[in-house]
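**Q** Listed here are the chains, written in short residue letters.
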Amino acid sequence: MREIHVHKIIETVKNLCIDANYYLGDDVICALVDARQAEESQVGQDVLDQILENVEIAHMEKAAMCQDTGVAVVFLEIGQDVHIVGGDLYEAVNEGVRQGYEEGYLRKSMVKNVFDRVNTKDNTPAVIHTDIVPGEDINIIVAPKGGGSENMSLVKMLPPSAGRNGVVDLVVKTVCEAGANPCPPVVVGVGLGGTYEKAALLGKKALLREIGSPNPDTELAGMEKEILKKINDCGVGPQGFGGRVTALAVHIESFPCHIASLPVGININCHVARHKEAVI
Amino acid sequence: MPEIYHLTTPLKDEDVEKLRIGDQVYITGDIYTARDSAHKRLIEALDGGRPLPADFKGQVIYYAGPSPAKPGKPIGSVGPTTSYRMDAYAPRLYDLGLKATIGKGNRNPEVIESLKKNKAVYLAAIGGAAALLARSVKASETVAYEELGPEAIRRLTVENFPAIVVNDTLGGDLYREGKKQYARS
Numbered sequence: 001m002r003e004i005h006v007h008k009i010i011e012t013v014k015n016l017c018i019d020a021n022y023y024l025g026d027d028v029i030c031a032l033v034d035a036r037q038a039e040e041s042q043v044g045q046d047v048l049d050q051i052l053e054n055v056e057i058a059h060m061e062k063a064a065m066c067q068d069t070g071v072a073v074v075f076l077e078i079g080q081d082v083h084i085v086g087g088d089l090y091e092a093v094n095e096g097v098r099q100g101y102e103e104g105y106l107r108k109s110m111v112k113n114v115f116d117r118v119n120t121k122d123n124t125p126a127v128i129h130t131d132i133v134p135g136e137d138i139n140i141i142v143a144p145k146g147g148g149s150e151n152m153s154l155v156k157m158l159p160p161s162a163g164r165n166g167v168v169d170l171v172v173k174t175v176c177e178a179g180a181n182p183c184p185p186v187v188v189g190v191g192l193g194g195t196y197e198k199a200a201l202l203g204k205k206a207l208l209r210e211i212g213s214p215n216p217d218t219e220l221a222g223m224e225k226e227i228l229k230k231i232n233d234c235g236v237g238p239q240g241f242g243g244r245v246t247a248l249a250v251h252i253e254s255f256p257c258h259i260a261s262l263p264v265g266i267n268i269n270c271h272v273a274r275h276k277e278a279v280i
Numbered sequence: 001m002p003e004i005y006h007l008t009t010p011l012k013d014e015d016v017e018k019l020r021i022g023d024q025v026y027i028t029g030d031i032y033t034a035r036d037s038a039h040k041r042l043i044e045a046l047d048g049g050r051p052l053p054a055d056f057k058g059q060v061i062y063y064a065g066p067s068p069a070k071p072g073k074p075i076g077s078v079g080p081t082t083s084y085r086m087d088a089y090a091p092r093l094y095d096l097g098l099k100a101t102i103g104k105g106n107r108n109p110e111v112i113e114s115l116k117k118n119k120a121v122y123l124a125a126i127g128g129a130a131a132l133l134a135r136s137v138k139a140s141e142t143v144a145y146e147e148l149g150p151e152a153i154r155r156l157t158v159e160n161f162p163a164i165v166v167n168d169t170l171g172g173d174l175y176r177e178g179k180k181q182y183a184r185s
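One line per chain: the protein sequences are A and B, in this order.
Taking this note's numbering, the leading residue of the first sequence gets 1, the next gets one more, and so forth.
Taking this note's numbering, the leading residue of the second sequence gets 1, the next gets one more, and so forth.
This is chain B alone, in the form it adopts within the complex:
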C-alpha cells in the first residue's frame, strides 16, 4: 500500500531512500522552479566553470513556470510542466546533490539511472491543477534569470506541497506499473 510522508527541505538521503513509487509526499520548506531555458543556462554555467545561482545540494527543483501573481498573492497558478525536456540536463544536477525533481511525464533511462546512483527521486504533481497547487505556495522570490519571465528561477516557500513518487531510488516507475495494472488486452 502507498504510504504518506511529510518531508521538509533540504532533503537528506534517508528522506528519499524510504520513498517508493506511488507514495504520496507533502513537501514543506523551500523549493526552486526551473524549466527549459533556466536549465540550459545552469548547464552552460557548469560547462563554463561559473558558479550556479543556488546550491542545489539536498534541494528540490520544480519544473514549473507560474502565471503572474495577482496583487496580494505570493504567486499565480503554478502546476508542473512536462519533465522529459529537462532529461538532457537533470543527471548533471542530480550529480551535484539535487535530491528531487517535481514535474509530470516519463523520464529517460539516463535520469532513472542517475536517481539510483545519487539516491534521489522524481515526483509528479498533478498537471493542470495549477490553481489548487498555488495554495501550497506561501512565498516566492526570483533567484536568477529574471529576464526569462515565466522561465526565471524562483525560490518558493511551500507548505504541504502534494506530489506522488514516480521514480524511486531503486529504479521503480509508477507510470510503467500503473499502466500495467490497468491495461486490458
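Chain A extracted, bound-state conformation:
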C-alpha cells in the first residue's frame, strides 16, 4: 500500500490544466505539418500556416492556444494499492482545476445548470472518469474539451444489421455535416460497442491516443483508414473553406456489446487536440 497525499494530486492537476492549454502535443503538431504538405487549396494552406503559427505563439507567450480552454475532462487511473490521504480525491481534482484555470489565465466556461446558465467562475466541476487498475501509481490525464467540437458529437444506437458500412457512413456523415463548426481539421474518436454510455466514453478515450496511431486490431485499423479517406474526400477542408484535409486522424476503440445492439459514440475534437498526462 502506497500513500499519496491529495496535495500532490492538486498540484499535478493544476499543472496539467495549464500545460494542456498552452502546449500542443508533438504528435498533433506533426499531423498539422503533414496536413499543410497535403493540402491543395490555397486558403486551406493559409489556414494551416496560421494554426501552426498560433501553436508557436501560445508556446512562446505561455498563453492559451484557444480562448475556449474547455471543460476540464480528467481521467484518473488509480492503482489498487494506492491509499489517498489528506482529503477527498474528487475535491482535490476540482481544486487543481480551480487553481490551474485561475493561475493560468484560462477561461472559465462552466455554467451551474443548463437553463440558468450562471457561470461557476472557476471552471469546476471537472468531468472525472476513474478506472481502478493494478499497481500503486495514479495516472492523471487532463483533456480540456472545447464546446464547439463537443457539440458536433453524437451517440447512436444502430441496429446490428447496419454492420460495418453503417458505422462508416454514420461517422463520415456526422463529421462532414459538422462542416466548419468543430474547427477542422478535426480528430475523430469513435467508440464501438458496450452500452449507450460506454460507446461515448470509448469515443472520448480514443481521442487520447497518439494522433494517427492505428488500432492494434487490423480490421479496425483498416476501418480507421477508410473513414479518414472518406471524410477527407468530402471537401470541407481546414476551417470549412474547402480543401483536402478535414480530419487529421480517426481513432476507433471497441468493446463487446449486447446481442441486440451496435452502439456508436462519435466524439469530435478540434485541431487544438489537447491532453497532458502525468504519473504520480
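FYI, nobody ran anything at the bench for these hints, they're computed from the structure.
Do not take every clue at face value.
Unchecked claim - Here are the computed lysine-lysine pairs in the DSS-like style, where the Cα-Cα straight-line distance is at most 27 Å:
#1 A:225 x A:198
#2 A:230 x B:12
#3 A:121 x B:73
#4 B:40 x A:121
#5 B:73 x B:12
#6 A:112 x B:70
#7 A:198 x A:173
Place chain B on chain A using the hints.
**A** Then chain B, alone, in the frame of chain A:
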C-alpha cells in the same frame, strides 16, 4: 480571384457591398464581442423596449468570449465561437443596422436572407487561432453584462484583424462553394 480589403469601422453599405465570398478582410477600429448569453439579453432588452448598451448601427459583432488577460496585455486569447447558436438572434440585430458578424461555421437561411436584405456580411476568423488573433487587439473594455464573465459584451479596438468573407450581400456561401470545389465522389 479573392481580393484583399482593409476596412475601418463603423462600416458603410459600400464597404460591405463590394465584398465577395473568399475575400480576405483586415478590420481596424472598434468591434464588439457578444455570444450566447449576451445575445439573449440584447433581444430581451429589445422585446422589453429597453435601450441597448451600444448602438450597433454600422458596427461589427465578434462572436467571442476571450480568456482572461495576463498583466500588461489588453486581452487574453480570443478566437471565434460557433455562430449558429446566434442565428436565432442575428436578424434582429442586422435589422438595426449591424453590418457584419465574425464567427465560425454555417448560418441558417434566415440569417443569409437578412444579410441580403440589410446589406450586411458574415465573416469567419480562424477557430482555434486565438493567441494569434489576440495580437490584433490593442485595447478592450467591458461595455455591458460584466457578471456574465467571458460572455460580457466588450468593445475591442483592433488593428488589421483578419477574417474571410463567408456570406456576402448577394447570398453567396464560401462553405458551400469551397466544399463543392474539393469534394470527391
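**Q** Holds or violated: residue 112 of chain A with residue 70 of chain B, Cα cutoff 27 Å?
**A** holds (26 Å)
**Q** Assess, step by step, whether the Cα of residue 230 of chain A is no farther than 27 Å from the Cα of residue 12 of chain B, and give holds or violated.
**A** Judged against 27 Å, a Cα distance of about 43 Å means the pair is violated.
**Q** Could you grab the alpha-carbon distance between residue 198 of chain A and residue 173 of chain A and see if it respects the 27 Å cut-off?
**A** Holds. Residue 198 of chain A to residue 173 of chain A sits at ~22 Å (cutoff 27 Å).
**Q** Quick one, are residue 121 of chain A and residue 73 of chain B close enough, alpha carbons at most 27 Å?
**A** holds (21 Å)
**Q** So if I understand the rule, the pair passes when the alpha-carbon distance is 27 Å or less; does residue 225 of chain A with residue 198 of chain A pass?
**A** OK: residue 225 of chain A and residue 198 of chain A at ~23 Å, within 27 Å.
**Q** With the threshold set at 27 Å, check whether the alpha-carbon distance from residue 40 of chain B to residue 121 of chain A stays at or below it.
**A** holds (20 Å)
**Q** Checking one constraint from the list: CA of residue 73 of chain B to CA of residue 12 of chain B, max 27 Å. Satisfied?
**A** Outside the cut-off at roughly 31 Å; violated.
The structure fails hints 2 and 5 (numbered hints given earlier, in ascending order).
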